[in-house]
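Asks: As a plain string of letters, each chain reads:
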Amino acid sequence: MKKIVALICALMLEGNAFAQTQEKEDSKFKALMKQVDWSVDILPFTRITKFDESTEGINPQNRIAGLDHYNAGVYIRPDVKFRKHAVSMFIKPRLNTDWREGKGLETEFYFQQAKLKIQLNDALYVAGGQYIKSIGTSVYINPSNPYFLESGRLNPKIELRPMNFVELNFTKGNWDFSFISNVHEGEAELFGFPFFNFERQHGLLAEYYGESQTIGTILSISEDKRYHLGFYGQRNLSDATLVWFDGAINYNPNRFYPQDGHSTELLPFEMVNGSENKKYFFSGLLGASYTFSFGPTLNLEYYYNGKGYDDKTFDLYNETIVSGSLSNFDIIFDLSNLNLGRAANTGLPYLRRNYLFSQIGENDLFGELSYNLRYFYSFDDQSSQFSSLIEWNTWDNLELFSVFIANIGAERSSFNNLLNNQLMLGAIWRF
Amino acid sequence: MKKTILIFLTCVGLVSVSFKEINKEPNFEEILKQSDFYRGGRVPGISWDLEVQNIEEGNLRNKLNLKVEATTNSESQFALISFLKPKKYNGQRLLLRGNNMWFVKRGMRRPVPISGRQRLSGSAANADAAAANYFIDYDIKNTLSEVLDGKDCWKLELVAKNSLVSYSKIDYWISKDENFGLKADFFGKSGKLIKTGYFDYQNDVTFEGKPCKYISKITIVDKINTEDKTILEILEPAFKNFSNAKFQKNSLLE
Numbered sequence: 001m002k003k004i005v006a007l008i009c010a011l012m013l014e015g016n017a018f019a020q021t022q023e024k025e026d027s028k029f030k031a032l033m034k035q036v037d038w039s040v041d042i043l044p045f046t047r048i049t050k051f052d053e054s055t056e057g058i059n060p061q062n063r064i065a066g067l068d069h070y071n072a073g074v075y076i077r078p079d080v081k082f083r084k085h086a087v088s089m090f091i092k093p094r095l096n097t098d099w100r101e102g103k104g105l106e107t108e109f110y111f112q113q114a115k116l117k118i119q120l121n122d123a124l125y126v127a128g129g130q131y132i133k134s135i136g137t138s139v140y141i142n143p144s145n146p147y148f149l150e151s152g153r154l155n156p157k158i159e160l161r162p163m164n165f166v167e168l169n170f171t172k173g174n175w176d177f178s179f180i181s182n183v184h185e186g187e188a189e190l191f192g193f194p195f196f197n198f199e200r201q202h203g204l205l206a207e208y209y210g211e212s213q214t215i216g217t218i219l220s221i222s223e224d225k226r227y228h229l230g231f232y233g234q235r236n237l238s239d240a241t242l243v244w245f246d247g248a249i250n251y252n253p254n255r256f257y258p259q260d261g262h263s264t265e266l267l268p269f270e271m272v273n274g275s276e277n278k279k280y281f282f283s284g285l286l287g288a289s290y291t292f293s294f295g296p297t298l299n300l301e302y303y304y305n306g307k308g309y310d311d312k313t314f315d316l317y318n319e320t321i322v323s324g325s326l327s328n329f330d331i332i333f334d335l336s337n338l339n340l341g342r343a344a345n346t347g348l349p350y351l352r353r354n355y356l357f358s359q360i361g362e363n364d365l366f367g368e369l370s371y372n373l374r375y376f377y378s379f380d381d382q383s384s385q386f387s388s389l390i391e392w393n394t395w396d397n398l399e400l401f402s403v404f405i406a407n408i409g410a411e412r413s414s415f416n417n418l419l420n421n422q423l424m425l426g427a428i429w430r431f
Numbered sequence: 001m002k003k004t005i006l007i008f009l010t011c012v013g014l015v016s017v018s019f020k021e022i023n024k025e026p027n028f029e030e031i032l033k034q035s036d037f038y039r040g041g042r043v044p045g046i047s048w049d050l051e052v053q054n055i056e057e058g059n060l061r062n063k064l065n066l067k068v069e070a071t072t073n074s075e076s077q078f079a080l081i082s083f084l085k086p087k088k089y090n091g092q093r094l095l096l097r098g099n100n101m102w103f104v105k106r107g108m109r110r111p112v113p114i115s116g117r118q119r120l121s122g123s124a125a126n127a128d129a130a131a132a133n134y135f136i137d138y139d140i141k142n143t144l145s146e147v148l149d150g151k152d153c154w155k156l157e158l159v160a161k162n163s164l165v166s167y168s169k170i171d172y173w174i175s176k177d178e179n180f181g182l183k184a185d186f187f188g189k190s191g192k193l194i195k196t197g198y199f200d201y202q203n204d205v206t207f208e209g210k211p212c213k214y215i216s217k218i219t220i221v222d223k224i225n226t227e228d229k230t231i232l233e234i235l236e237p238a239f240k241n242f243s244n245a246k247f248q249k250n251s252l253l254e
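As they're listed, the protein sequences go chains C and Y.
Just so you know, we're using this note's numbering here: the first sequence kicks off at 1 and counts up by one.
Just so you know, we're using this note's numbering here: the second sequence kicks off at 1 and counts up by one.
Everything labelled a hint here was simulated from the structure, so no lab data went into it.
Worth double-checking, as some hints may not be accurate.
Said to hold, decoys possible - Straight line, CA to CA, 16 Å or less: simulated EDC-like cross-link-like pairs of lysine to aspartate or glutamate:
{"no.": "1", "chain 1": "Y", "residue 1": "K229", "chain 2": "Y", "residue 2": "D185"}
{"no.": "2", "chain 1": "C", "residue 1": "K312", "chain 2": "C", "residue 2": "D381"}
{"no.": "3", "chain 1": "Y", "residue 1": "K85", "chain 2": "C", "residue 2": "E211"}
{"no.": "4", "chain 1": "Y", "residue 1": "K183", "chain 2": "Y", "residue 2": "D152"}
{"no.": "5", "chain 1": "Y", "residue 1": "K105", "chain 2": "C", "residue 2": "E362"}
{"no.": "6", "chain 1": "C", "residue 1": "K84", "chain 2": "C", "residue 2": "D41"}
{"no.": "7", "chain 1": "Y", "residue 1": "K85", "chain 2": "C", "residue 2": "E167"}
{"no.": "8", "chain 1": "C", "residue 1": "K84", "chain 2": "Y", "residue 2": "E29"}
{"no.": "9", "chain 1": "C", "residue 1": "K117", "chain 2": "Y", "residue 2": "E254"}
{"no.": "10", "chain 1": "Y", "residue 1": "K161", "chain 2": "C", "residue 2": "E159"}
{"no.": "11", "chain 1": "C", "residue 1": "K279", "chain 2": "C", "residue 2": "E368"}
{"no.": "12", "chain 1": "Y", "residue 1": "K105", "chain 2": "C", "residue 2": "E368"}
{"no.": "13", "chain 1": "Y", "residue 1": "K63", "chain 2": "C", "residue 2": "E368"}
{"no.": "14", "chain 1": "Y", "residue 1": "K87", "chain 2": "C", "residue 2": "D381"}
{"no.": "15", "chain 1": "Y", "residue 1": "K161", "chain 2": "Y", "residue 2": "E146"}
{"no.": "16", "chain 1": "C", "residue 1": "K81", "chain 2": "Y", "residue 2": "E254"}
{"no.": "17", "chain 1": "Y", "residue 1": "K161", "chain 2": "Y", "residue 2": "E29"}
{"no.": "18", "chain 1": "Y", "residue 1": "K67", "chain 2": "C", "residue 2": "D381"}
{"no.": "19", "chain 1": "C", "residue 1": "K278", "chain 2": "C", "residue 2": "E211"}
{"no.": "20", "chain 1": "Y", "residue 1": "K87", "chain 2": "C", "residue 2": "E368"}
{"no.": "21", "chain 1": "Y", "residue 1": "K105", "chain 2": "C", "residue 2": "E223"}
{"no.": "22", "chain 1": "Y", "residue 1": "K87", "chain 2": "C", "residue 2": "D41"}
{"no.": "23", "chain 1": "Y", "residue 1": "K85", "chain 2": "C", "residue 2": "E159"}
{"no.": "24", "chain 1": "Y", "residue 1": "K240", "chain 2": "C", "residue 2": "D122"}
{"no.": "25", "chain 1": "Y", "residue 1": "K63", "chain 2": "C", "residue 2": "D396"}
{"no.": "26", "chain 1": "Y", "residue 1": "K87", "chain 2": "C", "residue 2": "D79"}
{"no.": "27", "chain 1": "Y", "residue 1": "K105", "chain 2": "C", "residue 2": "D380"}
{"no.": "28", "chain 1": "Y", "residue 1": "K105", "chain 2": "C", "residue 2": "E159"}
{"no.": "29", "chain 1": "Y", "residue 1": "K246", "chain 2": "C", "residue 2": "D122"}
{"no.": "30", "chain 1": "Y", "residue 1": "K183", "chain 2": "Y", "residue 2": "E208"}
{"no.": "31", "chain 1": "C", "residue 1": "K312", "chain 2": "C", "residue 2": "D380"}
{"no.": "32", "chain 1": "Y", "residue 1": "K87", "chain 2": "C", "residue 2": "D396"}
Please read these numbers as outputs of a predicted model, since none were measured by experiment.
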């Protein structure tokens, strides 16, 4: 009997010890989970696109861009943040499933952000991983950013693809200094044949935050001796008015331009990234925004794109497209496809030189509606783009949205040479 | 005789000292700084959760939960405001560095610079009244001694140092005994009274080893639509040290 009692007591003690260990483990886990923030967006959508697939266009019979008249998909976008002491981790995996006309289901997985940041002391941190590096002030395009030339004309619900960076940041008073290097192309598009070779680009960024203004400059050099001096600034003129500039001087930038003759002598024209780029180009914009007392904010920007084509080059560009689209047999078929591919992806955010960007928008109207209406205009060929983004938060965790893009202008004008218009309807379920 | 003169001079001296003590002008800048401190300003780092209730025509229109992390140094004030609830706002963040402001929400490719007025549109329209550093943004134009709800107060007339702040003038009542800001009348650029804020101090904190009461609730009453009000409850205030990296534009994308 004594033995049984002793055994029961031993088991109880052991059980108690186990429970205590379990409790400790649980509290450790709870403490760890307190450092983690997470959320998930599930984005189902459908999209209708009208594009130019005429035989003399940039995308003859859709053989270059491979666009879909109709597609649908579900994108799953988790967002996980972990912070403990000096270490922070930011993880944003992406699982994109697309249903494409005639091609069925395609699934893609990648990391939109996988970033590690270590705070060495109050003034110094190192960071690295795959992410978007935002530099500059403009709402649409940041010429000062040597790493990303996002144009603001693309569908805002589709994420910009990230690159791999390492950076060291030092803060002194109102000054921030960063050494930034893009060590790998990551998920960024436009690298690899027939487009540009990926080159590491090392930049030194200095940023000053004043009481009501911010200025910054970045000097960067690529492995292939491409130089970039970017600069930007913004200033609050009143509680409703903001002005900014954003610009860059580039030497030997990556861009394709048309030239007479082809290196193989099989085609009359060729899109090249060649010696004409070995000079200095200036690109810059001036912008202002005004917020009306009844809610909406109006943004206006004038953008000068020095790397863009003048009239003569643009005519040559269109001739290259027409001749390429008609060269549809034997070896010149592949060469012309390469030309057309480069014509569709020139490395230029905008093809021409002078643009006006405008936008009117408001967030959280009636507590549930946000809208943005954009109108971009090219002074050089009078083409334009109208786009709208409407987001309606019907319920707490459900957003319905629509994106509409219409390119307006002559057949081969800079805005209207590939995509004519697009409508995207979707929802975002947040939890 | 010498004794009489000495006593007389001593008495004159004492009276003179007492007179000076009585008429000694309070240091209103220090009082304002101190009242800023109790509302979250003038500290190297502070964080709190903020529950915002917007009441329209007497009915609760919506409720927001925000996290506020802020720091004030000798040159500037920085704040990072993260929207937590409802879920539709989750991911929205606002960075303030002095009068510079950037906003980001989920899916945005870059932080967007915004003006003070743009910050105020939407559901957080009244949150600006929680701005803590009046000493940095306003000059003291006039002072008065007044009694507010039975409490002896200094009434400070504050005028904006520049056109970048939301209100051109604030009439501000600060309790004489504790230097708590108790009430503020906010005036627009036209000189019209727009809102009135009432401040409560029920939170207990310890700063530099000294326990003290701290801001716990701000009630903002609209003076145009008088049934509209916003209640901001300050929960779990905690003094912290933040690195400057927390208040960088790029951190909004993390």
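Asks: Now, for every hint given, state plainly whether the structure supports it.
Replies: Evaluated hints:
no.	hint	verdict
1	K229(Y) / D185(Y)	holds, 14 Å
2	K312(C) / D381(C)	holds, 12 Å
3	K85(Y) / E211(C)	violated, 30 Å
4	K183(Y) / D152(Y)	holds, 13 Å
5	K105(Y) / E362(C)	holds, 13 Å
6	K84(C) / D41(C)	violated, 25 Å
7	K85(Y) / E167(C)	violated, 33 Å
8	K84(C) / E29(Y)	violated, 39 Å
9	K117(C) / E254(Y)	holds, 10 Å
10	K161(Y) / E159(C)	violated, 41 Å
11	K279(C) / E368(C)	violated, 50 Å
12	K105(Y) / E368(C)	holds, 14 Å
13	K63(Y) / E368(C)	holds, 13 Å
14	K87(Y) / D381(C)	violated, 44 Å
15	K161(Y) / E146(Y)	violated, 25 Å
16	K81(C) / E254(Y)	holds, 8 Å
17	K161(Y) / E29(Y)	holds, 14 Å
18	K67(Y) / D381(C)	violated, 49 Å
19	K278(C) / E211(C)	violated, 40 Å
20	K87(Y) / E368(C)	holds, 12 Å
21	K105(Y) / E223(C)	violated, 35 Å
22	K87(Y) / D41(C)	holds, 11 Å
23	K85(Y) / E159(C)	violated, 24 Å
24	K240(Y) / D122(C)	holds, 12 Å
25	K63(Y) / D396(C)	holds, 11 Å
26	K87(Y) / D79(C)	holds, 14 Å
27	K105(Y) / D380(C)	violated, 34 Å
28	K105(Y) / E159(C)	holds, 13 Å
29	K246(Y) / D122(C)	holds, 10 Å
30	K183(Y) / E208(Y)	violated, 27 Å
31	K312(C) / D380(C)	holds, 12 Å
32	K87(Y) / D396(C)	holds, 6 Å
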